[in-house]
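J.: This is what each chain is made of:
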Amino acid sequence: MPELTNHHAALLLLMTFLPAVTGIVIAAAVPAALARTVALAGAVLTFLVSLTFVGGIFGMPADFTAAVNIPWIERYNVALLMGLDGLSGSLVLLTNVLIILAVLGSWTAIAARQKEFYFYLLLLQTGILGAFLALDLLLFYIFWEIMLIPLYFLIGIFGSKNRIYATTKFFLYTMAGSLLMLLGIIALYFHTGSFALADALGAAATLDPTARLLIFLSFVIAFAIKVPLFPLHTWLPDAHTEAPTAGSVVLAGVLLKTGVYGLLRFAIPLFPAEAARIAPLMMLLAVIAIIYGALTAFAQRDMKRLVAYSSVSHMGFIVLGVFAFREAAITGASLQMINHGISTSGLFLCVGYLYERRHTRELAAFGGLAHNMKLYAVLTMIMILSSVGLPGLNGFVGEFMILVGAYPANAVLTIIAATGVILAACYLLRLMQETFYGPLDKDENKVLRDLNPRESFTLVVLAVFALWIGLYPRIFTEPLAPVSERIVRAVEAAQSPGTALADATAGK
Amino acid sequence: MNDLYPQISASLFQTLPILVLIVAGIGVLVADVLLPRASRWLLSWLSLLGVALAFIALDFVVGPAGREALPLHSYFGVLRSNYLVFLAQNVILAAGAFVILISPRYVGERRIPLGEYYGLLLLAVMAMLALAASTELLTVFLNLELLSITLYVLTGIENRNLRSGEAAFKYFLLGSFAAAFLLLGIAFVFGATGETRYDAIRQVLVDGTAQPRLLAIGFCLMLVGFGFKLSLAPFHMYAPDVYEGAPTTTASLIATGTKVAGFAALFHLIELAAAWSDAAGGLWLALYAVALASMIVGNVGAVVQPNIKRMLAYSSIAHSGYTIVPMVVMLQRPDLIADARDAVAYYMLAYTVMTLLAFGVPAVLGPAGESRIAQYAGLHRRSPMLAFVMALAMVSLMGIPPTIGFFGKFQLFAVAVQGDHIWLAVLGVLASVASVYYYLRVIVTMYMEEPATAGEELESRRLDGVNAFALTACSVCVFLFVVFQSLYLFGV
Amino acid sequence: MEFMVPGNLILAASIFTIGVFGILLKRNAISIFMCVELMFNAANLAFITFAQSLGRPEGVAVFLFVITVAAAEAAVGLALFIKIFNDKETIEADTLDLLQR
Numbered sequence: 001m002p003e004l005t006n007h008h009a010a011l012l013l014l015m016t017f018l019p020a021v022t023g024i025v026i027a028a029a030v031p032a033a034l035a036r037t038v039a040l041a042g043a044v045l046t047f048l049v050s051l052t053f054v055g056g057i058f059g060m061p062a063d064f065t066a067a068v069n070i071p072w073i074e075r076y077n078v079a080l081l082m083g084l085d086g087l088s089g090s091l092v093l094l095t096n097v098l099i100i101l102a103v104l105g106s107w108t109a110i111a112a113r114q115k116e117f118y119f120y121l122l123l124l125q126t127g128i129l130g131a132f133l134a135l136d137l138l139l140f141y142i143f144w145e146i147m148l149i150p151l152y153f154l155i156g157i158f159g160s161k162n163r164i165y166a167t168t169k170f171f172l173y174t175m176a177g178s179l180l181m182l183l184g185i186i187a188l189y190f191h192t193g194s195f196a197l198a199d200a201l202g203a204a205a206t207l208d209p210t211a212r213l214l215i216f217l218s219f220v221i222a223f224a225i226k227v228p229l230f231p232l233h234t235w236l237p238d239a240h241t242e243a244p245t246a247g248s249v250v251l252a253g254v255l256l257k258t259g260v261y262g263l264l265r266f267a268i269p270l271f272p273a274e275a276a277r278i279a280p281l282m283m284l285l286a287v288i289a290i291i292y293g294a295l296t297a298f299a300q301r302d303m304k305r306l307v308a309y310s311s312v313s314h315m316g317f318i319v320l321g322v323f324a325f326r327e328a329a330i331t332g333a334s335l336q337m338i339n340h341g342i343s344t345s346g347l348f349l350c351v352g353y354l355y356e357r358r359h360t361r362e363l364a365a366f367g368g369l370a371h372n373m374k375l376y377a378v379l380t381m382i383m384i385l386s387s388v389g390l391p392g393l394n395g396f397v398g399e400f401m402i403l404v405g406a407y408p409a410n411a412v413l414t415i416i417a418a419t420g421v422i423l424a425a426c427y428l429l430r431l432m433q434e435t436f437y438g439p440l441d442k443d444e445n446k447v448l449r450d451l452n453p454r455e456s457f458t459l460v461v462l463a464v465f466a467l468w469i470g471l472y473p474r475i476f477t478e479p480l481a482p483v484s485e486r487i488v489r490a491v492e493a494a495q496s497p498g499t500a501l502a503d504a505t506a507g508k
Numbered sequence: 001m002n003d004l005y006p007q008i009s010a011s012l013f014q015t016l017p018i019l020v021l022i023v024a025g026i027g028v029l030v031a032d033v034l035l036p037r038a039s040r041w042l043l044s045w046l047s048l049l050g051v052a053l054a055f056i057a058l059d060f061v062v063g064p065a066g067r068e069a070l071p072l073h074s075y076f077g078v079l080r081s082n083y084l085v086f087l088a089q090n091v092i093l094a095a096g097a098f099v100i101l102i103s104p105r106y107v108g109e110r111r112i113p114l115g116e117y118y119g120l121l122l123l124a125v126m127a128m129l130a131l132a133a134s135t136e137l138l139t140v141f142l143n144l145e146l147l148s149i150t151l152y153v154l155t156g157i158e159n160r161n162l163r164s165g166e167a168a169f170k171y172f173l174l175g176s177f178a179a180a181f182l183l184l185g186i187a188f189v190f191g192a193t194g195e196t197r198y199d200a201i202r203q204v205l206v207d208g209t210a211q212p213r214l215l216a217i218g219f220c221l222m223l224v225g226f227g228f229k230l231s232l233a234p235f236h237m238y239a240p241d242v243y244e245g246a247p248t249t250t251a252s253l254i255a256t257g258t259k260v261a262g263f264a265a266l267f268h269l270i271e272l273a274a275a276w277s278d279a280a281g282g283l284w285l286a287l288y289a290v291a292l293a294s295m296i297v298g299n300v301g302a303v304v305q306p307n308i309k310r311m312l313a314y315s316s317i318a319h320s321g322y323t324i325v326p327m328v329v330m331l332q333r334p335d336l337i338a339d340a341r342d343a344v345a346y347y348m349l350a351y352t353v354m355t356l357l358a359f360g361v362p363a364v365l366g367p368a369g370e371s372r373i374a375q376y377a378g379l380h381r382r383s384p385m386l387a388f389v390m391a392l393a394m395v396s397l398m399g400i401p402p403t404i405g406f407f408g409k410f411q412l413f414a415v416a417v418q419g420d421h422i423w424l425a426v427l428g429v430l431a432s433v434a435s436v437y438y439y440l441r442v443i444v445t446m447y448m449e450e451p452a453t454a455g456e457e458l459e460s461r462r463l464d465g466v467n468a469f470a471l472t473a474c475s476v477c478v479f480l481f482v483v484f485q486s487l488y489l490f491g492v
Numbered sequence: 001m002e003f004m005v006p007g008n009l010i011l012a013a014s015i016f017t018i019g020v021f022g023i024l025l026k027r028n029a030i031s032i033f034m035c036v037e038l039m040f041n042a043a044n045l046a047f048i049t050f051a052q053s054l055g056r057p058e059g060v061a062v063f064l065f066v067i068t069v070a071a072a073e074a075a076v077g078l079a080l081f082i083k084i085f086n087d088k089e090t091i092e093a094d095t096l097d098l099l100q101r
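Residue numbers (my numbering), protein chains in the order written: chain A, 1 to 508; chain B, 1 to 492; chain C, 1 to 101.
Wrong hints could be hidden among the right ones.
[As the list claims (entries may be wrong)] Counterexamples of contact, computed for chain B against chain C with all Cβ distances above 10 Å:
#1 L49
#2 Y75
#3 R105
#4 L137
#5 L138
#6 A187
#7 F190
#8 P234
[Unchecked claim] Calculated pairs, DSS-like style, for lysine-lysine (alpha carbon to alpha carbon, straight line, at most 25 Å):
#9 C:K26 x B:K170
#10 B:K170 x C:K88
#11 A:K446 x A:K374
#12 B:K170 x C:K83
Hints were generated in silico from the structure; no laboratory data involved.
By construction, the Cβ of each residue, glycine as well, lies at the ideal position given by its N, Cα and C atoms.
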């Protein structure tokens, strides 16, 4: 772990807590009519603050160019230890962009209880940012749990018909996983005497093997539920289907990534040997998720549910890349996190805009929309193609890197996974075909108006990023590469202790 | 005689808070007779003054244990003062103050006789303070009985309500049943060691001259007695009925202050037992079983309760189960006693804060929120502040950071992990996951459901200033830990 | 050292057990309370026995205190029973079933 440098500490704290403070202000003091404006201002301001880190993220991605270290709970040696490197920085930027889009996307969709809505949304942002930035295990856990409550309310209050079932299921699943992780964190603490990741990294290797495996599993299960990995994924389609658009955008865009991020930042670096041991199993589950998610998506008649299952499939690719333990694959997986955040959030926004107009998401209710909603059709098509992985758009780069990287690790699984790309084309293009093509034969659809400037803005932003990453991915992969490199080196060292020793001696 | 005098005066000084409460309690009873009917409302302020004076006496006159070379024991070892006792007494006084603050309207609406209510409330708080500090067998029994008898009356004090009488009836019969077990247990421990003071018993235990079989039976019988007071499964049967039938203000005191005092007393007993090398066997198993049973019974029982107070009763059974987890650990690992003590002390504080909030809302809502959880439908619209407070209590009871409930639970399970009782920690964690379900149900009802029919919606209530103050202060305490870096506010 | 179980202790244990069974079997509140008193007094007997055999006076002191406590408890309990009787014309424990609904 590189040394923590202390630049930008105040800015980092400001960025993390600004959303929550804005949210509290909205809930306490802002009239309902102004809530969304204040929320937008808060989100934009947060984004502007995060722009100050761009230099560090892209310039020195291997280091924590912004870091905070404030002692907090002295008895347990817990510190407000947060840092931002290439990986977390990229995800932080993604989060801050998506929250702005989520606020814009809910501008008219949320009419009642607006104050509450923006309060929860911004609180959620603080939770997510904190989880990405925390470098202290207990602090990470605290932010990780803080994410739960706001999303629970977002789905439970503002969701559609079956929302309470969905939100309770989401909560119970996530809570079960994370509490076991808490025990793992505590067990690790009593071995190392500190919750700081840097301390734990050195000491974890000296634990006895059974304890190491159990603690590792407690982490992996918590993260796998969040990702979500087959067979722990069942909460996701329900949550997505019932959530309001903004909830889905944040859920798919960044929340799921906290699971993968947890693997990359905590679980694997702490326990590389154990990670290598269960890698075949994880890759198998990932491939099952890819195929299963794709096939199930194909069978859906509800647009949102279709996108939700496509999410399961896409997250399978990311897990496959992570557990291949090749530099290209992990970098690809990290990039794919951002890609998935762009394309799936975009798709959820598209579905949300249509739902706002038509109050249904049944595929059968649409058809021929390309005739009267031209702009909408174009932008949705870009999002769909990006999700499919068309060369020239972002999805292709990520999936290609993952597959290329994973092939040497496990050729058979990689080939099966590659068929998932084809399946994705099938179900996503069907979505496009049934919605936009064919005759415009339903009267309700003839009067639908095209996107207004606010709505098009949200999708155009995402489309620009999709193209940019697709055409010039280098700039986006550079911040991600150092972390993948470190992980691969750690895993290799753990697998062959002899080599590591030789390296160490040679280094001397 | 002359050399006894300084000891006794020092002891009197150390028990000043208790003496203040005795005077206040009797004072309220007398004032009830003397005051004209129209100015009886003064009684609540008078009793609040009594608690405030006791608080001042505890924190500023006597001060934390160990300060200024005060002896750690008073009355020749009958009462002890240490960090745990000091914190417990503070928490008990705060709970007493909270209950007095939310009482006036509730008591007025129910036509509860004011003098008896406030007088007995003060005496109950006094008994709790004394019980928390007791380290002598007879003193434990006497304080427990004093506490019980006042609580029986406070439970049945609502004259026109048959449920109140029924609750008191059940509480009384089962309570005295359990007291008899405690008494026989005390007799056996006395018979096995020939001593009644804990410090003397400890010496006998360390020397190994005690009668092991009598001692084991004695400790287990005492555990039954304490298990009843702390509503630990399988001695919990009375709790849901009593919590439901008793006036909500009384129920909140039974759920918090009584338990805090009982936990402090039980902790001292277990600490004593840990000095005995055989305790790690049978007694440990009994305590383990009780902890496990409480977590399971409490969480499973709460899921099916349609009544808010019964649900909270089961939830409090579960929380009692969590709280004795460190005690289970320390029976086998006497080296962890200090950590277990800190964890128990902190959890008592956390549990009291969140439970007071959870009971405070039904108490303030009165008939509109005292029975079925379904009554809370749409509460966020009718009384946003009350709904928020209740949601906060539920989130904290679930143990979600950054609330006090999380930090409390974190320490309990940390002790379990530290003492290599991983399975106990895992089971506790699974029990907490199950608990999420019924706590969420309250939040769902308040925020996500609307009353089914128009008649379903009960009148919305305005908070009066005193209630609002009590609830706000308690809500702030939920986030206490986030601001104060050190848990150990009183640092001893 | 071997501990001889005095006959009194066996008597105390028997009385206590009778009390426990009485509580479990009886339904009338007065009978139940009498059984509780039986248990208290069994414990008292144990205290006096131990005081005697160990030569410690504390046991007798406890006995005196317990009698007082039991009397106080009886006062509260009987008052409660009278209140219930006034409301319901009976003090059979089974007839009290308002709660838990």
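J.: Can the restraint linking B:K170 and C:K88 be considered satisfied, given a maximum Cα separation of 25 Å?
T.: OK: B:K170 and C:K88 at ~15 Å, within 25 Å.
J.: Taking only the CA atoms, is the gap from B:K170 to C:K83 under or equal to 25 Å?
T.: holds (13 Å)
J.: Was B:Y75 rightly flagged as not at the interface, with every chain C Cβ beyond 10 Å?
T.: Nearest chain C Cβ is 14 Å from B:Y75, so the label holds.
J.: Does B:R105 clear chain C by more than 10 Å, comparing its Cβ with all Cβ atoms of that chain?
T.: holds (24 Å)
J.: With d taken as the least Cβ-Cβ distance between B:P234 and chain C, does d exceed 10 Å?
T.: Holds: least Cβ distance 14 Å, greater than 10 Å.
J.: Looking at B:L138 again, its CB stays over 10 Å from all of chain C?
T.: With a cut-off of 10 Å, B:L138 comes too close to chain C, as the shortest Cβ separation is near 5 Å.
J.: Does the claim that B:L137 lies outside the interface with chain C hold up, using a Cβ gap greater than 10 Å?
T.: violated (8 Å)
J.: Is it correct that the beta-carbon of B:A187 has no partner in chain C closer than or equal to 10 Å?
T.: violated (4 Å)
J.: Taking the shortest Cβ-to-Cβ distance between B:L49 and chain C, state whether it exceeds 10 Å.
T.: holds (27 Å)
J.: Measure nothing beyond the straight line between the CA atoms of C:K26 and B:K170; if it is 25 Å or shorter, mark the hint as holding.
T.: holds (14 Å)
J.: Quick one: work out the minimum CB distance from B:F190 to chain C and report holds if it exceeds 10 Å, violated otherwise.
T.: violated (6 Å)
J.: Check the hint pairing A:K446 with A:K374 against an upper bound of 25 Å on the C-alpha distance.
T.: holds (13 Å)
Figure legend: structure checked against the earlier numbered hints; hints not met, in rising order: 4, 5, 6, 7.
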